[in-house]
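Chains as they are written, first to last, in our numbering: chain A, 508 to 812; chain B, 508 to 812.
These are computed hints drawn from the structure, not numbers from a lab.
Worth double-checking, as some hints may not be accurate.
[Stated by the list, open to error] Derived list of chain A stretches under chain B, where covered just means 3 residues or more per stretch with a C-beta under 8 angstroms from a C-beta of chain B:
1. 688-697
2. 711-720
3. 730-738
4. 759-770
Glycine included, every Cβ here is placed at the ideal spot set by N, Cα and C.
Number of protein chains: 2
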Amino acid sequence: MSILMVGSVALDSVRTPRGSVEDALGGSATHGALAARQFAPVEIVGVVGEDFPRRHINLLKRCGVGLTGLEVVKGGKTFRWGGRYFDDINQRETLFTDLGVFENFRPKIPAEAAALPYVFLANIDPELQLQVLKQCRRPKLVLLDTMNLWIDIRREALEEVLRRVDLILMNNEEACQFARTTSVERAAQTLLEYGVRRAIIKKGEHGCLMFSRQGFFAAPALPLADVVDPTGAGDTFAGGFLGYVAKKNSLTDDVMRQAVVVGTAMASFCVQGFGVERVASLKREDLRERVKQVAAAMACPPVRI
Amino acid sequence: MSILMVGSVALDSVRTPRGSVEDALGGSATHGALAARQFAPVEIVGVVGEDFPRRHINLLKRCGVGLTGLEVVKGGKTFRWGGRYFDDINQRETLFTDLGVFENFRPKIPAEAAALPYVFLANIDPELQLQVLKQCRRPKLVLLDTMNLWIDIRREALEEVLRRVDLILMNNEEACQFARTTSVERAAQTLLEYGVRRAIIKKGEHGCLMFSRQGFFAAPALPLADVVDPTGAGDTFAGGFLGYVAKKNSLTDDVMRQAVVVGTAMASFCVQGFGVERVASLKREDLRERVKQVAAAMACPPVRI
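Can you build the whole structure from these sequences, using the hints too?
Here is the structure:
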């Protein structure tokens with residue numbers, strides 16, 4: 508089954524202890540789509556400026572990502588983000604954010620895309636996410652991502668979106684900020700009270716937690732000695748997760764757990780290259796191997812005491 | 508099989524957002540022993556002053572902890588630690604450390620205890636840990652714990668101990684500090700290079716990682732809404748871990764993984780009460796239930812992609 512992804516398509520300039528890139532293909536919808544397309548057809552809805560390099564369009568097309576919903580604004584500038592990661596690769600600072608055409612982005616979902624059963628509302632203004640939901644025609648599953656900025660300045664709209672989606676993806680700081688607590692457990696319970704079926708809490712190098720009313724699931728991140736660039740790892744996780752669910756076309760607890768493992772494996776490739784370079788060229792065999800590694804890291808024979 | 512535990516027996520005064528206690532029974536050997544005795548006989552070697560309350564001795568005895576190696580120094584003062592936990596329960600500050608009789612502690616291992624097959628070198632000066640090892644008679648497995656202080660001021664001795672033990676237990680900050688890296692993966696590899704068979708990295712609320720030359724295992728901490736007092740959680744983990752291994756009397760990878768799960772479950776009880784109150788009164792049935800919860804949190808059907 509196919510997936511609709513609405514989010515940013517961006518040009519990232521990133522410096523890390525391992526090197527730097529300029530105007531690399533980035534953005535939440537981009538990272539999500541390049542991960543998800545391993546398993547299911549994906550349509551992106553987003554916006555870029557006339558300056559968006561042809562080679563980035565070509566790469567997305569070559570990877571089979573549907574771009575009918577990608578608006579190109581004449582004379583406009585593409586959303587640009589610049590950031591720097593420190594020696595402790597979990598720490599970063601934003602150097603600049605030039606919204607460009609993203610500032611006036613009003614998502615228009617093409618008729619065919621609006622009927623897609625799986626939807627990823629990647630990190631954009633929750634007001635826009637509400638507009639997307641109004642255009643969607645009874646999706647089977649909607650996955651929501653967001654960020655601290657929207658918790659600060661768009662809380663009401665975000666709460667409104669939360670009441671209308673099935674899964675929420677947040678990192679632990681965001682979840683705790685949203686729920687006004689220091690306990691991830693309590694934060695997750697607060698999120699579930701909004702009616703989402705599952706709250707997935709990303710913890711970066713500490714892996715991720717998935718909470719539902721029925722229980723709790725945890726998957727570790729693979730410890731990697733060679734982290735090159737963490738940008739986009741969360742969106743890559745989301746894309747891998749949703750791609751797997753869309754392929755299985757099933758919402759059972761088993762499939763959700765498996766999808767977390769797939770997302771984890773996918774995200775581990777993202778951080779091993781700059782931008783999308785590793786995920787865009789990812790071979791199924793390598794992904795399969797990585798999925799096995801994650802599963803092996805969690806495997807434990809029954810304990811009888 | 509029986510276990511020898513060498514470490515502190517202390518009086519803890521702790522304030523947390525959930526309340527406070529004064530002169531509560533604490534110390535690394537205490538927490539370790541009260542966890543391990545669920546599975547195997549334990550002998551403590553440590554030191555207290557004449558002020559050590561009779562009721563603490565009685566509790567340890569009632570729990571079946573062997574105290575022939577517990578030295579009571581006439582006229583001496585028991586090691587006291589005072590600390591305060593913040594609203595973010597993962598943050599704490601030490602208010603005072605009164606070493607008392609612990610300052611001149613020279614562990615003397617009674618002959619019978621020196622022949623025990625499982626040894627926990629709880630967190631004390633690595634010079635003393637070396638003295639313990641010299642007195643031990645070919646133990647089957649030695650588990651080492653330490654802390655940042657010894658990395659700072661006793662690095663050489665610590666390295667010497669590391670070369671002589673089988674398992675090392677560290678939290679992630681300590682491991683990274685010891686290995687002079689920000690990557691837990693690289694820190695673990697450094698620890699393995701000293702010859703330990705496994706490096707177990709504790710990450711508090713993020714669970715723990717176990718590295719060996721053959722691979723990597725991760726177990727999540729149970730997310731608990733009601734953390735009362737985290738003091739002793741690491742030692743309780745160690746005690747549960749080693750108790751289970753001693754009971755199985757086997758060093759296979761499967762047993763080590765199971766032991767991590769048991770240690771995780773045990774530690775989750777520790778933090779739900781002040782001092783040793785929850786673990787000292789722990790019923791097997793409650794522990795069994797908690798072990799099931801940890802296992803369920805890690806369970807994932809095979810992923811085929």
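Checked hints:
1. 688-697: Three-residue rule met by the segment 688-697 of chain A, so holds; n is 7.
2. 711-720: holds (count 5)
3. 730-738: Contact hint for the segment 730-738 of chain A vs chain B: holds, 4 residues under 8 angstroms.
4. 759-770: Since 6 is at least three, the answer is holds.
Comparing the model with each numbered hint stated earlier shows that all of them hold.
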